[in-house]
Amino acid sequence: MENLIEYMPLLLSGALVTITLALFSLVLATVLGALGATGKLSGGIIAKSIVGVYTTLVRGVPDLVLILLIYFGGQRLLNIVGNWFDADYIELSKFWAGVGAIGFIYGAYLTETFRGAYMTIPPGQIDAAKALGMRPISVLRTVTIPQLISFALPGYANVWQVLIKSTAVVSIIGLEDLVGLANDAGKSVREPFIFFAFVFCMYLLFTFISQNIFMYAERKYALKGHDDAV
Amino acid sequence: MRFDLVADNWVMFAEGAWMTVQLTALSLLIGFCIALPAGLIRARRIRILSPLINIYVYAFRGTPLLVQLFLVYYGLSQFEAVRDSFAWPVLREAYWCALITFSLNSGAYATEIIRGAIETVPKGELEAAKSLGLSPRKVDFLVLIPSALRRALPQYGNEVVFMLHGSVVASVITIQDILGAGRTLNARYYIAYEGFLTAAALYMSITFVLVFAFRMLERRYLRHLRVSH
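Residue numbers (the working numbering), protein chains in the order written: chain G, 1 to 230; chain U, 1 to 229.
Since the hints were made in silico from the structure, they are not lab data. All the pointers check out, no bait thrown in.
Distance ranges between label pairs, derived from CB positions:
#1 Asp88/G <-> Met216/U: 54 to 60 Å
#2 Ile126/G <-> Glu15/U: 53 to 59 Å
#3 Leu78/G <-> Met216/U: 42 to 48 Å
#4 Leu57/G <-> Pro37/U: 34 to 40 Å
Keep in mind it's a predicted model, so treat the numbers as computed, not measured. Cβ atoms here follow ideal geometry from the backbone N, Cα and C, with glycine treated the same way.
Based on the sequences and whatever the hints tell you, model everything.
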């Protein structure tokens, strides 16, 4: 137990790495998800098939396999390209490789979330807004986006909960996140159980906090019952 | 790309695929045996047991599978009592640690799925059974559970794929599954892509077979729930 307290600052710095990794990945995933959903909803045949391949590919392959492929494969690729320009050996950042991989994976899931949410918006509403002479940008801002947020939030919350747990596997490429640091420290002081139990509790805490944040957000963005007034 | 190396080592990948498939299948089976009673207890809100199961479900669903595996595989060996106990020959082995962890993990997810499915069985089905004079136990075993399991099929299909993909972490504790074979290949020949690409292709093929199989099962067992046009 004293060892755990002594290592606490280190472990907390690892927890910070885990959280920043998760947040950057979420941003990337959101951008990819928005692009993917737009492509699937209003793109041409080429855009639709690119997004189709992307989502099927990602859902068929485990996260760790993609992370290893992006990290080690990316490393090799970077240096092959670097060699053409006589560059020195380039080291791919573990953190950004992790962000790239996790963002890429959950972008595919968010594509489906956003697409599903968009399709729940009654098309009549958008037609009505256009008929009132609203410009496309104000239709987007006042009709589409507010409903999109409220319809997509439950799915978005689910993806986040899975995403944050997924960050644990980035420790396998040697990232010094919460899991990686606890693994090294726990083994060196011969108390792996206590250190992993701490990691276990930290993840439970992340889950618990995010659950509450999303519950608050869902209440805040809930559509004020316009249907039941009829 | 040297895919001839993959062809030369196809036996290693075949053995890896078998390891992945049987580890996943056994974990799902044991998990299901935990989840059926646990889900029923949760749906019935049986005192004392139901909150305990809730804690189990929350803990396993709220943490990464990798951390659970490390806790069992590396963590338990910290205690002398464990190392001296009769269970040590089992807990020392990476394979058994993976099987235990995966089963408990799958059990937690499946408990929630089964609880949800039991709660969606329409009351009318149960009242009809009761009115036919079936005893409460017969209502459970002949009507409630079969109906709930059918309704659980789509989500359970997702859980099966989730467990298959989750099982990759077994390779981290030295188990030679599909990813284990890929990593060995890459390390042996000092290559970066071939082993992982082969592993990705194998996982994807198994996933598609599973998704297809569950679609067939749903078509057969959920036929009565489909809206006819």
